[in-house]
Amino acid sequence: MSRPEPADISQFAAADETVSVRWAAATDVGCRRTVNEDSVFASFPVFVVADGMGGHDAGDIASSLAISAFDELAGGSIGTIAQVEQAVASAMRRVERSDAGTRGGGTTLSGACLVNIDGVAHWLVLNVGDSRTYLLDDGELEQLSVDHSVVQELVDAGRVLPLDARHHPHRNVITKAIGGGASARPDYWIVPVVAGQQLLVCSDGLSGEVDDAEIGRVLRTASSPSEAVRSLVHAALLAGAPDNVSAIVVDVEAVAGAPIGDTGGRVQLEDTVPSVRGLR
Amino acid sequence: MIDELEYVPGDAWAIVTNAGCAVFTRALVAGEARALRELIGDTSTLTELVDRVGAHPYVLALLASDGESMMLLRRRGVPATTGAAMLADAFGDDWHADRVPAGAAVQFGDVTASADEALPLTSGIVRVRSVLAATRAPSDEVHDDDVIDDRSTEGPAPERPVAGAHVSVTIDRDTQASDASEARADQGSVPEASQVVVPDETTVLPAAAGHAAVTAPSSATPDHAAAHDQSSTTGEDHAIVEHTLLSSEAQVHRAADVPEHTLVDPLERAEQPPRTSGIIDSVPGFVRPAAVVNPTEHSEPSRRRRTPAVDDPERAAAAPSAAPASASGQGSSAAATGGWRLTAGAAPVPEPFAAQDAQRDVAPAPRDEVAAEPTALGDHDGFTVTPEQARRLREQLAAEHAAQSSAPHHTPSSEPLATSATPTAAPSGIGDEYAPLVPSVLCPSGHVNPAGLQRCRVCGAPVDRGTLAQRPRPNFAALRLPNGDVVALDRGVVLGRRPRAGRIEQAPIPRLVAVASPNEDISRSHVRVICEDWTVIATDLDSTNGTVLIRHGVAPMRLRANEPTILVFGDVLDLGDGATIRLEPSA
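First to last, the protein sequences are chains A and B.
With my numbering, the residue at position 174 of the first sequence is 447, and numbering never jumps.
With my numbering, the residue at position 145 of the second sequence is 150, and numbering never jumps.
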């Protein structure tokens, strides 16, 4: 079954005193589902995806409630860690207390919020479930989030090769979620924002059909976030997209005030100058 | 006087009454909107409008008459234009006020919506995408096109065309500050960051308890006489609302640099967000929920907002049954207290305080991996996990721990962060304090001390052992940085040239502290220092050049990568490049 190209993907831009970004986002029901249970929230400074589960009337509502908790953060300057923590707590409460939540509906939640740490913009990355947040930094694609899935645990335990993870029969079983009977708090990461970085947030409908190598290639070669989103969603649809597909791509254009530690220049993952130090 | 009001249909809510127009995000339901309209009631001034609904979590814009002109309050990025030019950005949670003088018009929300699509609006509740408003010129002449450049108008009203002047309003700390800003603003000079930046002629609004104060110096223009009567001299306090410093600093006080009657140049900004969406997405963006939902969480206290003015009984009845937190809630609270057992009698003295309590020679041998917090899911094989089973496993674990009289350890739970962390304004931008429960005793002055201590760590007085109990851990330790700054250890700290925090699972999100390293000897994420109960632990994060521990009376020792080491007060961590970090007690 072939699907039409995703419709025009709008691109947005926003900035405050600390950082300036462009982004685009899209979501598609995929080739086999009839309902899109993914919810997407891509509005400065919040970029998150929630993949609902528990069936119609539970999953879609759960994911919508989860992202609604971020309404308060959007439209302002970049946030603070405390605000994000509170939004997450609110998301959990909203889902748990809802009708959908009591019926066992749940959702993943993955993405990043721009936060201000000592005047410098940082990504506060969060993840619960098997949606993913990647960072392309200096040409290298890194999956920042860690899947909370049965397959990930098997990979960690060495019982399944990472190569085979995408095809494992249990790849859709997640071990943590918001709602779903027992909410779990997300994992967090904090990463400094650097000009030229690209952040990708996606549901497993994308990462399950398009491998990391292809994702990296698209992000490196696309000329704009909307083109990157279009290409990624298209690739997932071409691959048959059995699940809903959602993607957000954020392009960092400029960052103000690097931390005092940095001496400038492109940042490598580890570029400390080794030196011989005797004990004093 | 608002003479013409029109709207373009959409999803946001506009409530129009005699007072003016209040616009809310689409998150409202009909019942709430009706209740809000009743709440606004027969108010007739902007002041009252702000008073009634200015603090509602979903309000985006307020438009009201102010004498012959209009005042438009916006926030959360709602765009607006006079037709001739865009008004300045109104990002953030604080209100941005613009005066639209007599004879001018303004459109806010989706400013790309054409006036041709606009429908008349008099009073009631409509769903909107954009609102257009115009006032007739005092002399019945319409000066729309000349508005911006017309400086010669002495005119009937001493109003200058300040439609574009961006007024950034923030919370007033106290009335004295307000007076100070009055004096300064009159001279047109740059006020302090947290003060109001205002040209003349902005209404002074009283701050009711718990509401944001939209304050301004009062100028003696006749049409503000009415507003003045309601000024802060009525005796109401300027409420000190819990705004984080970030919010006030984030209000870019560009207007400070702008002569009061000049339009702020929108191109001043580094990036012009494309105005592609309207009020509902007040900042350009892609927000697509899978289903239309109405969050029931209106009454939760938010970090810098006051409780909403609306209490909608209809909603409470109609809302999806707010089932009390299911068994999962009970499960986690059991976990919160289950693993803990207070041991009466002599408890060991926590390491940092060892030197205080007795002279001990502690060899800083690296310890074995500090007992990790028990895995929430227990010892499963990864195959059979449903969230239900996970929950049961967790409860089972908690019960097992409670049954053992093992050494006290901190059971992971999602509760401490949610319940003990109260939002406060923290200059660092990190926010609330993280305070797990720890066994403690009090001295006669009430200082909280570790359970094993004999003498108070703060004042030296003998502690009262009868006060042994669990309490939120106070901030008892800090790191002194090379530049003299002191960083609290409540949440843990990661130090490095450009630190990042790796996967943070159950632990609190640490503070990131950048340390200067001209020779790049220090790794980007070099060392982490955290508190576990009353113990301070340092872990070298596999840094390139290592971390050296310098302790009094002991030979300097390099920490082994990724191995936690317990510290005592006075210990110094040498990161290289002259960066030495000292562990100090805090009161």
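Keep in mind that a hint or two might mislead.
Said to hold, decoys possible - Residues from chain B that face chain A, not an exhaustive set, calculated with beta carbons under 10 Å: (1) 294; (2) 296; (3) 509; (4) 542.
Said to hold, decoys possible - The following residues of chain A were derived to be distant from chain B, with all beta-carbon distances above 10 Å: (5) 333; (6) 371; (7) 414; (8) 435; (9) 458; (10) 487; (11) 489; (12) 490; (13) 507; (14) 512.
To be clear, the hints were calculated from the coordinates, so they are not data collected in a lab.
Glycine is no exception: its CB is placed at the ideal position from the N, C-alpha and C atoms.
A cut-off of 10 Å on Cβ-Cβ distance, and residue 487 of chain A was said to be off the interface with chain B. Does that hold? holds (23 Å)
Go through the hint on residue 294 of chain B and say holds or violated, using the shortest Cβ distance to chain A against 10 Å. Result: holds, 4 Å to nearest chain A Cβ.
Under the criterion of a CB-CB separation shorter than 10 Å, is residue 296 of chain B in contact with chain A as hinted? Since chain A brings a Cβ to about 4 Å from residue 296 of chain B, closer than 10 Å, the hint holds.
Closest CB-CB distance from residue 512 of chain A to chain B, is it above 10 Å? Label holds. Min Cβ-Cβ 22 Å, cutoff 10 Å.
Using 10 Å as the Cβ threshold, decide whether residue 542 of chain B counts as touching chain A. It is violated, given that the least Cβ distance between residue 542 of chain B and chain A is near 19 Å, above 10 Å.
Non-interface label on residue 490 of chain A, tested against every C-beta of chain B at 10 Å: holds (24 Å)
Take a quick look at residue 371 of chain A and tell me if its Cβ sits farther than 10 Å from every Cβ on chain B, holds or violated. violated (6 Å)
Decide, holds or violated, for the assertion that all CB atoms of chain B are farther than 10 Å from the CB of residue 333 of chain A. Per Cβ check, residue 333 of chain A is inside 10 Å of chain B; nearest 4 Å; violated.
Minimum Cβ distance from residue 509 of chain B to chain A below 10 Å? Where the cut-off is 10 Å and the nearest Cβ of chain A is about 4 Å from residue 509 of chain B, the hint holds.
Cβ separation check - residue 458 of chain A to all of chain B, threshold 10 Å: violated (5 Å)
Cβ separation check - residue 414 of chain A to all of chain B, threshold 10 Å: holds (17 Å)
Non-interface claim for residue 507 of chain A: all C-beta distances to chain B beyond 10 Å? Since the minimum Cβ distance to chain B is about 17 Å, residue 507 of chain A lies beyond 10 Å and the statement holds.
When the structure is compared with the earlier hints, violations turn up for hints 4, 5, 6, 9 and for no others.
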